[in-house]
Amino acid sequence: MTAILETRALVSGYGKKRAVHGVDLALNAGEILLVLGHNGAGKTTLMSTIFGLIRPMEGQVLLEGADISGRTPAANVADGIAYVPQGHGIFKTLTVRDNLELGAFSETDAARTRERLEQVFSLFPILKERAGQVAGTFSGGQQQMLAIGMALMHGPRVLILDEPSIGLAPNLVERVMEAIKTINRDLGASILMVEQNVKLSLPVADRAMVIKTGAVVYEGAPEPLNDHVRLMTLF
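Be aware that the sequence shown starts at 1011, since it is given in our numbering, and climbs by one per residue.
Do not take every clue at face value.
Distance condition first, Cα-Cα at most 16 Å in a straight line; then the derived EDC-like pairs of lysine to aspartate or glutamate [to be verified]:
no. : residue 1 : residue 2
1   : Lys1209   : Glu1233
2   : Lys1026   : Asp1077
3   : Lys1138   : Glu1184
4   : Lys1191   : Glu1068
5   : Lys1209   : Asp1196
6   : Lys1027   : Glu1068
7   : Lys1102   : Glu1117
8   : Lys1209   : Asp1237
9   : Lys1222   : Glu1041
10  : Lys1138   : Asp1119
11  : Lys1138   : Glu1125
12  : Lys1191   : Glu1229
13  : Lys1191   : Asp1216
In case anyone wonders, no lab produced these hints; they're calculated from the structure.
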C-alpha cells in the first residue's frame, strides 16, 4: 500500500528532553492506524510533531513523500491534515453552527461548505438538533463530536485524533468509534488515532502500533493485541 503520511527516525520532545525516540510510522492511504500506549509514552508528542505544533529534533515527517518536517499547522491544514487534540479544542462561548463554520474558515466554495455541514450533521444528528446552542453547555461526548465535526469542515485527507474516547461514557465511545469508521469509509479520510481504550478501538483499526517510552514496540495487525497478557507485556 502507498503511505500518505510517514515519519522516519523521528525524534521529538520539549526543550532538551526527548519524548519520541526514532519513530518510523506509515499511515497508508485509506486506512485507520491505531497508536496505543500508556500515559507518558510519547503518543501526544508524536501527534503534535506530525501536525507541526512541535518541531522535530531529528528525522522527517512526510506527506505523500514530500518533507513537511517542522512546517506550520496552518500549512498542514491547507494541505489536508486535520488534528483533533485531547480536550476537544472547540470554542465554548460560540454556538455549534459558529464552531462548524469556523472549521471551514479557509473554504471559499459556499456550496462545498454546505455539503460538508450536512455530512457532519448526518454523522452527528445531535449537532443539527442543537445547532444554535452554545457549545460550552454540551456534555463531554457532544463536545468531542463537535470537535471532530469542525475538523471535517475543511475536507481533510488525513485526520489525526488524539484520544477521542477520553472521558466519555462507554455508549458514547461506541458512537464516536462508529462515526470514525464512517468518516474513513464514506468520506475517504485516512485516520491516525491515538487511544487508550483498547477494547473499543481495536475493532475499528486496520493496523495498530504500540509505543512505550517513546519507541515503537509493536506494529502489525490489531488482533494479537486482544490478548490481554501480551498487551500488558508491551505496555
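Right, here's what the structure says about each hint:
1. For the hint linking Lys1209 to Glu1233, the alpha-carbon distance of about 11 Å falls within 16 Å, and the restraint holds.
2. At roughly 23 Å between alpha-carbon atoms, Lys1026 and Asp1077 are farther apart than 16 Å, so this suggested pair is violated.
3. With a C-alpha separation of about 20 Å, the suggested pair Lys1138 and Glu1184 falls outside the 16 Å cut-off, and the hint is violated.
4. Restraint check: the Cα-Cα separation between Lys1191 and Glu1068 comes to about 33 Å, which exceeds 16 Å; the hinted pair is violated.
5. At roughly 24 Å between alpha-carbon atoms, Lys1209 and Asp1196 are farther apart than 16 Å, so this suggested pair is violated.
6. With a CA separation close to 13 Å, the supplied pair Lys1027 and Glu1068 stays within the 16 Å bound.
7. Straight-line distance between C-alpha atoms of Lys1102 and Glu1117 comes to about 22 Å, which puts the hinted pair past the 16 Å bound.
8. Of the pairs offered as hints, the one joining Lys1209 and Asp1237 holds, with about 11 Å between alpha carbons and a cut-off of 16 Å not exceeded.
9. Simply put, Lys1222 and Glu1041 have alpha-carbon atoms about 23 Å apart, too far for the 16 Å limit, and the pair is violated.
10. Restraint check for Lys1138 and Asp1119: not satisfied, since their Cα atoms lie roughly 21 Å apart, outside the 16 Å limit.
11. For a cut-off of 16 Å, the pair hint linking Lys1138 to Glu1125 stands: about 13 Å separates their Cα positions.
12. Between Lys1191 and Glu1229, the direct Cα distance comes to roughly 20 Å. Violation of the 16 Å bound is thereby established for this hinted pair.
13. Restraint check for Lys1191 and Asp1216: the C-alpha separation of about 10 Å stays at or below 16 Å, so the hint holds.
Checked against the numbered hints above, the structure breaks hints 2, 3, 4, 5, 7, 9, 10 and 12 and satisfies the rest.
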